[in-house]
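Visitor: Quick mapping for you: the protein sequence lines, in order, are chains A, B, C and D.
According to the numbering used here, the first sequence is numbered sequentially starting from 1.
According to the numbering used here, the second sequence is numbered sequentially starting from 1.
According to the numbering used here, the third sequence is numbered sequentially starting from 1.
According to the numbering used here, the fourth sequence is numbered sequentially starting from 1.
Treat the hints with caution; some may be incorrect.
[Claimed, not checked] Chain B regions said to be covered by chain C (calculated; three or more residues, Cβ under 8 Å):
no., segment
1, 50-61
2, 110-123
3, 132-145
[What the hints assert, rightly or not] Partial pick of chain A residues on the chain B-facing surface, computed with a CB cut under 7 Å:
no., residue
4, 11
5, 13
6, 16
7, 17
8, 20
9, 24
10, 25
11, 30
12, 33
13, 35
14, 37
15, 38
16, 87
17, 108
Hint data in this document are derived by calculation from the structure and do not stem from the laboratory.
All C-beta atoms in this analysis are idealised placements derived from N, C-alpha and C, irrespective of residue type, glycine included.
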Amino acid sequence: MTIRVQIDPFEPGALLGGFCAGRSESGAVVSFTGLARAEHGATAALELESYPGFTEAQIARIAEDARRRFGLDDLLVVHRTGEILPGEAVVFVAAAARHRRAAFEAADYLMDYLKSRAPFWKKEHGPEGSRWIEPRAEDHDDLERWEKTPL
Amino acid sequence: MTIRVQIDPFEPGALLGGFCAGRSESGAVVSFTGLARAEHGATAALELESYPGFTEAQIARIAEDARRRFGLDDLLVVHRTGEILPGEAVVFVAAAARHRRAAFEAADYLMDYLKSRAPFWKKEHGPEGSRWIEPRAEDHDDLERWEKTPL
Amino acid sequence: MARVLLFGPLRDLAGWREREIAPQPASLFGLKAALSALDPELGEAIAAPGVQVAVDKALVRGDVALAATSEIAFLPPMSGG
Amino acid sequence: MARVLLFGPLRDLAGWREREIAPQPASLFGLKAALSALDPELGEAIAAPGVQVAVDKALVRGDVALAATSEIAFLPPMSGG
Numbered sequence: 001m002t003i004r005v006q007i008d009p010f011e012p013g014a015l016l017g018g019f020c021a022g023r024s025e026s027g028a029v030v031s032f033t034g035l036a037r038a039e040h041g042a043t044a045a046l047e048l049e050s051y052p053g054f055t056e057a058q059i060a061r062i063a064e065d066a067r068r069r070f071g072l073d074d075l076l077v078v079h080r081t082g083e084i085l086p087g088e089a090v091v092f093v094a095a096a097a098r099h100r101r102a103a104f105e106a107a108d109y110l111m112d113y114l115k116s117r118a119p120f121w122k123k124e125h126g127p128e129g130s131r132w133i134e135p136r137a138e139d140h141d142d143l144e145r146w147e148k149t150p151l
Numbered sequence: 001m002t003i004r005v006q007i008d009p010f011e012p013g014a015l016l017g018g019f020c021a022g023r024s025e026s027g028a029v030v031s032f033t034g035l036a037r038a039e040h041g042a043t044a045a046l047e048l049e050s051y052p053g054f055t056e057a058q059i060a061r062i063a064e065d066a067r068r069r070f071g072l073d074d075l076l077v078v079h080r081t082g083e084i085l086p087g088e089a090v091v092f093v094a095a096a097a098r099h100r101r102a103a104f105e106a107a108d109y110l111m112d113y114l115k116s117r118a119p120f121w122k123k124e125h126g127p128e129g130s131r132w133i134e135p136r137a138e139d140h141d142d143l144e145r146w147e148k149t150p151l
Numbered sequence: 001m002a003r004v005l006l007f008g009p010l011r012d013l014a015g016w017r018e019r020e021i022a023p024q025p026a027s028l029f030g031l032k033a034a035l036s037a038l039d040p041e042l043g044e045a046i047a048a049p050g051v052q053v054a055v056d057k058a059l060v061r062g063d064v065a066l067a068a069t070s071e072i073a074f075l076p077p078m079s080g081g
Numbered sequence: 001m002a003r004v005l006l007f008g009p010l011r012d013l014a015g016w017r018e019r020e021i022a023p024q025p026a027s028l029f030g031l032k033a034a035l036s037a038l039d040p041e042l043g044e045a046i047a048a049p050g051v052q053v054a055v056d057k058a059l060v061r062g063d064v065a066l067a068a069t070s071e072i073a074f075l076p077p078m079s080g081g
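Here chain A stands alone, though its shape is the one from the complex (with noise of 0.2 Å):
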């Protein structure tokens, strides 16, 4: 189980051939890649702030919890800070398991928990100024899914 929080950019492909590589009993492997959207032209740049040593923390703890919950083999967490450009990766979540819906569920889980309670704080920067950005209400309520229905 890896978590990285990095100012440095990163490939998804790369992240995830090298995740995928070597396993030969996980049969099911799930990525999720965020990325960040120019909306147009109306987003210039992301700003991501974390409070570096307890973002990781708390990252580690919710990932335990997913990796026990929904019996994973490996996961795998990355988040950028810093300046973000559009087009490029902001966060990247693998999870590999031995059947496909645990994998499925563990990579959707972690990212409604990274959405809208991970500690990070992104300040999108447009033509018209900047302006700190709050989880939308369908990220509060996927979040709620979760512990709506207890496995």
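Fit chains B, C and D to the supplied structure of chain A, relying on the hints for placement.
Guide: Chains B, C and D in isolation, oriented as in the chain A frame:
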């Protein structure tokens, strides 16, 4: 939207890297990679058969359905046939959408379809002989989820 | 001469994958009867409820007319991924 | 001297990201009062229901005692991914 059925091995990371590159309006890319399991020595190889022409057409039909149903920006399906060794990738599905829910659901839906309805026949070769694999009961249940919940 | 394709376990059962059936059957039901006469075990296997039939790469149900150039595929339960 | 960290919009509001507060407040509530006296707008912002507090990188609720070496972080609503 790309559908490919091929005998040549593929590297899931290279496919995801290519699929994500140059996207500036899709915020979410979900990928599924199905790997051949060794089953701790019980499986020496998988043998996958397709019906060339028919298989691609059937997948394209369901992929187009998924694209419309989930409002996807793009979709990639690569499926191997022939002899596949443990640890090698059998199938790769990637879905790009504006937000993550659509991308997760589309990849999940496509895999449920591929597991139990796509024209492939799968034989497992092991030290104790060979056997044809049919979808598990869970695979049928998984597919039924989509029929019960109109979106 | 209808061209018949067998997939998956049907191919193992019959011992062949592709075969031309002469004389030309006028319909799918006629072809099924001809295959049963040729190999009763295969005839029973292709009549099983999970087996689908494609004529010229389109799934069909029930009986359909066959042309001399038709390609008829018997498709046992599928499983990919 | 408690060390205070502000994140996200709180940092923009206060105009600083990190600051040492002297004299040392004995408790979190004491620190909040000191910050309010320093900057009433910030005092109001850190009292908002969505703002969480971490002391030495552990989330806390209610009042807690502070040590001279404590690091207190005010965490407005989070959003990653």
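Visitor: Now tell me if each hint is right for this structure.
Guide: Consistency of the hints with the structure:
1. 50-61: Holds: 4 residues of the segment 50-61 of chain B have a Cβ under 8 Å from chain C.
2. 110-123: With 11 residues in contact (Cβ-Cβ under 8 Å with chain C), the coverage given for the segment 110-123 of chain B holds.
3. 132-145: Three-residue rule met by the segment 132-145 of chain B, so holds; n is 5.
4. 11: With Cβ-Cβ at 6 Å, under 7 Å, it holds.
5. 13: 2 Å, holds
6. 16: At about 4 Å, which falls below the 7 Å cut-off, the nearest Cβ of chain B leaves the hint on residue 16 (chain A) intact, so it holds.
7. 17: Since chain B brings a Cβ to about 2 Å from residue 17 (chain A), closer than 7 Å, the hint holds.
8. 20: 5 Å, holds
9. 24: Since chain B brings a Cβ to about 4 Å from residue 24 (chain A), closer than 7 Å, the hint holds.
10. 25: Residue 25 (chain A) check passes; min Cβ-Cβ to chain B is 6 Å, inside 7 Å.
11. 30: Status holds, d = 5 Å.
12. 33: It holds, given that the least Cβ distance between residue 33 (chain A) and chain B is near 4 Å, below 7 Å.
13. 35: 6 Å, holds
14. 37: Holds. Min distance 5 Å.
15. 38: Holds, about 4 Å.
16. 87: 4 Å, holds
17. 108: Holds: closest Cβ of chain B sits about 5 Å from residue 108 (chain A), inside 7 Å.
Every hint, counting from the list given before, is met by this structure.
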